[in-house]
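Chains as they are written, first to last, in the working numbering: chain X, 1 to 183; chain D, 1 to 719.
Incorrect hints may appear among the rest.
[Stated by the list, open to error] Below, a list of computed lysine-lysine pairs in the DSBU-like style, where the Cα atoms sit at most 30 Å apart:
1. D/Lys407 / D/Lys421
2. D/Lys250 / X/Lys118
3. D/Lys250 / X/Lys166
4. D/Lys602 / D/Lys421
5. D/Lys407 / D/Lys535
6. D/Lys168 / X/Lys166
7. X/Lys166 / D/Lys38
8. X/Lys166 / D/Lys230
9. X/Lys166 / D/Lys159
10. X/Lys118 / D/Lys159
In short, the hints are calculated from the structure, not lab data.
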Amino acid sequence: MDLYNQFCVAAETSGAVLVDCKGPAEAVGYIVKHSDGGVLVPSSESFKRVDLANQLQKAGATLLEVNRSQAAEAVSGVTSACFAIADTGTLVLESTPEDVRLASTLPTRHFVLLDRSKIVADGLAAVDSLRRMHQRDMRNYIAYITGPSRTADIERVLTIGVHGPKQLHILLLDDWSSDLLEM
Amino acid sequence: MKERSKAYQARIDKALATPKLQQALHQFGDAYLVSREKAFAGLDFEALRREIGVMKDDVRNNHARYMQQFIDNAQAAGATVYQADTAEDANRYIAELAVKQGVKLTVKSKSMASEETHLNKALEAANIRPLETDLGEWILQLSGQRPSHMVMPAIHMFKEEVAYLFSKETGQQEPADIAHLVEVARQQLRQGYLDADMGISGANLAIAETGGIALVTNEGNARLATTLPKTHVALIGIDKLVPTLEDAAKVIRVLPKNATGQALTSYVTWIRGAVPCGDGEKDLHIVLLDNGRSRLAADENCCETSRCIRCGACANVCPVYQSVGGHVFGHIYIGAVGIILTAFFHGFDNAAEIVKACIGCRSCVAVCPANIDLEGIILSLRETIADKEGIGGGKSLVFRKVMRNRKLFHGLLRAASVLQKPVTRGERTIRHLPLFFSPLTEWRTLPAIADKPLRDIWPKQRLNAPAKKVALFGGCANDFLYPELGTDLIEVMNHLNVEVDYPLEQNCCGVPALYSGDKETATELAKQNIDAMLKDNPEAVLTTCPTCTMALQRDFIECLKDDPSWKAKAERLAEITVDAAGYIVNQLEAADQFENLPLAQKVTYHDSCHLKRGAGVWREPRQLIETSGHELVEMDHADRCCGFGGSYSLTGHPEIAKQILGDKLQDIEKTGADCVAMDCPGCMMQLRGGLEKNESKVQVAHTVELLAAGLRAAKAKQS
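Next comes chain X alone, as it looks inside the complex:
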């Protein structure tokens, strides 16, 4: 199985929803359709290229300012993954800027755009990019995200969505971003 398919199987097993998108417009439509409240869109290089925030707003999304008081009210957060890890179905998010963290921790729904070509085999293969992130910036908050928030703390029964997002939607795109360090 190639890395892309391996990633899809593992991500679905972890409880993520995978969405094939022909282009950013389709991703925008999906996000709007699945957001019945405020949406957080932190800044990112890839978002800037297509002016994603603007597209979302035009499509009818209610954009909120990405700050603490607004973030607490948001239902959706939209981010872009630097890259993904195939064997565990994991997304890697450079979350040092606080707005990325607010958008990926507080809302109940987290939408992540991912370029299909940016997938590495496993946690060890991810170290190269992880190290380069550490070399690029002096301070880091880097998140590996695998599926929605979960707990089994009551009677060992797996329950989705305790403190973090209850839903993780991965929007798969081509020609979205090629740099493994870029959000």
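Once you have looked at the hints, place chain D on chain X.
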């Protein structure tokens, strides 16, 4: 009896009287094994854990250098680093920091280190409210309890109890529905992250290369607690240090798989330095906690424990843990590694009872992701504690004065054989014992001491030209309880043209003394046995008892490691010692000599702990059983301990042993087998005792006995 022992016994009694607890832990244990196997599919666990062991040993041996690298890098990234020697020191630093910053509320993500230091108490004493946000930890905080598992802290609680606690908190009736209760926790705790001025976390890893930490979590609370409050305090045990990001990745690859059978947790969070926070930057304080870790790392016998990555697997698979839970089998840290950590972090007094609660089955050793010989280390701790506290007058007298003197020991056993007559009424098993001994035979019969021990009935063998000459190390059970097992072994070996000698100077293998902490007696017995067994230079020394096998293969060397000439002899004996089934199958390659014997029946096989996880033998007896024509049916949990554990089931913890035996008997009965086979006289004693007490039809046999019976039947048929 000491107050401490009384309180401990009361905890055992309470736990054993809670069948729901055992049911929950058994269910988890079973589900865990299945998902763990799936999580590791396609990976070489042995190779992975060896790698982690080597890496963590390197950290231990070069700790100061890696630690300095970590501190330098963390400080360069804007973190404040504090090195706390003790729990009090760490608590004082954090509480003072909170007071100085005017903190009223702190949100905590799960941290065993903060449980270890009782940080919440220290914060409350300084009028600061610690709010636990991990679901399990919050439940425990509301109920005033401590964790009973390192990864699933509230595993001992039920949804009804949680509903009661949550209802008190919200002031309305919360139904005992798990999804609902999880939602209640989400709503109740959410405001806390926004209001708190300080977030407190632990860390799974501290990475020297970057000066960063990594958190491996599922719920998302750690991400909130490290993002929203202005100050982040990370309390980290200094044993969490790893050199590089690759090393961290290797630990993360194994940790969730081994902890709960998850491929990876929902979140792995890498944090380095003072990251952006609101309009400014985070005030990050890293508190590096020693609190006994340096002493542990420097301890000759226990230092391997510094490799631990805190996955909790040693509890998941432990039959004692599954019987009594972590509030009995642990202090703050629970399970096998908890015993060791408790001794170093919380003092020997807190470890003295639980160190005896280990039954020695080595199931923890088999799953440890850092390749720690937990059972071996617990044994050595037992010795340390025995040195401090003594091992009980009667026991110590028996070991020192009786067992070291073989003639006296064997003389007393012979005398006991005569004295027991009124109790046995001439039968081979003791069904009831009088007076205060009666609890011993309440739940299982005990074997009577044989009229004549094996050494007295050892026959002359008439082999014309034996291909091999070997010696049998019988051990006390084979010699004095089950002499017929020895004569059956002769029959089996003679069939293969192997002559078996029984050196008469052999004594007890020393395990009862060693496992009680009396290494001096064990060492003396090791010397006697080495001399006895090597005297006629046999080609192999066979054993029928895997605990004896481990003594000859492992413990004698350990006891004599500081005496070069004795050590060499011990190593020679270890080299030629082999269990009977392993000898037939692997060394003689003669399993086919038992093909299709008569008396075929439905047989299930019980793996003895020390045979499978000590000697690594489990395929061999199964091959012999199947080759000889029996139908082999596997029971569930075939390699789970039977609860014997030598003196564990007789005097140490009979009530826990009874519980573990009960589980095993159920698994055996479920197979519908006519016979349960095994390769250990201790297990035979336990299982036969339990099955007889239950008036079961299932027979108990040593694999050697099954083979011998088949051979005899074949001969009878021919003549």
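The hints, checked one at a time:
1. D/Lys407 / D/Lys421: Status holds; Cα separation ~22 Å.
2. D/Lys250 / X/Lys118: holds, 22 Å
3. D/Lys250 / X/Lys166: holds, 28 Å
4. D/Lys602 / D/Lys421: Judged against 30 Å, a Cα distance of about 35 Å means the pair is violated.
5. D/Lys407 / D/Lys535: holds, 18 Å
6. D/Lys168 / X/Lys166: holds, 26 Å
7. X/Lys166 / D/Lys38: holds, 25 Å
8. X/Lys166 / D/Lys230: holds, 26 Å
9. X/Lys166 / D/Lys159: holds, 21 Å
10. X/Lys118 / D/Lys159: It is violated: about 42 Å lies between the C-alpha atoms, which goes past 30 Å.
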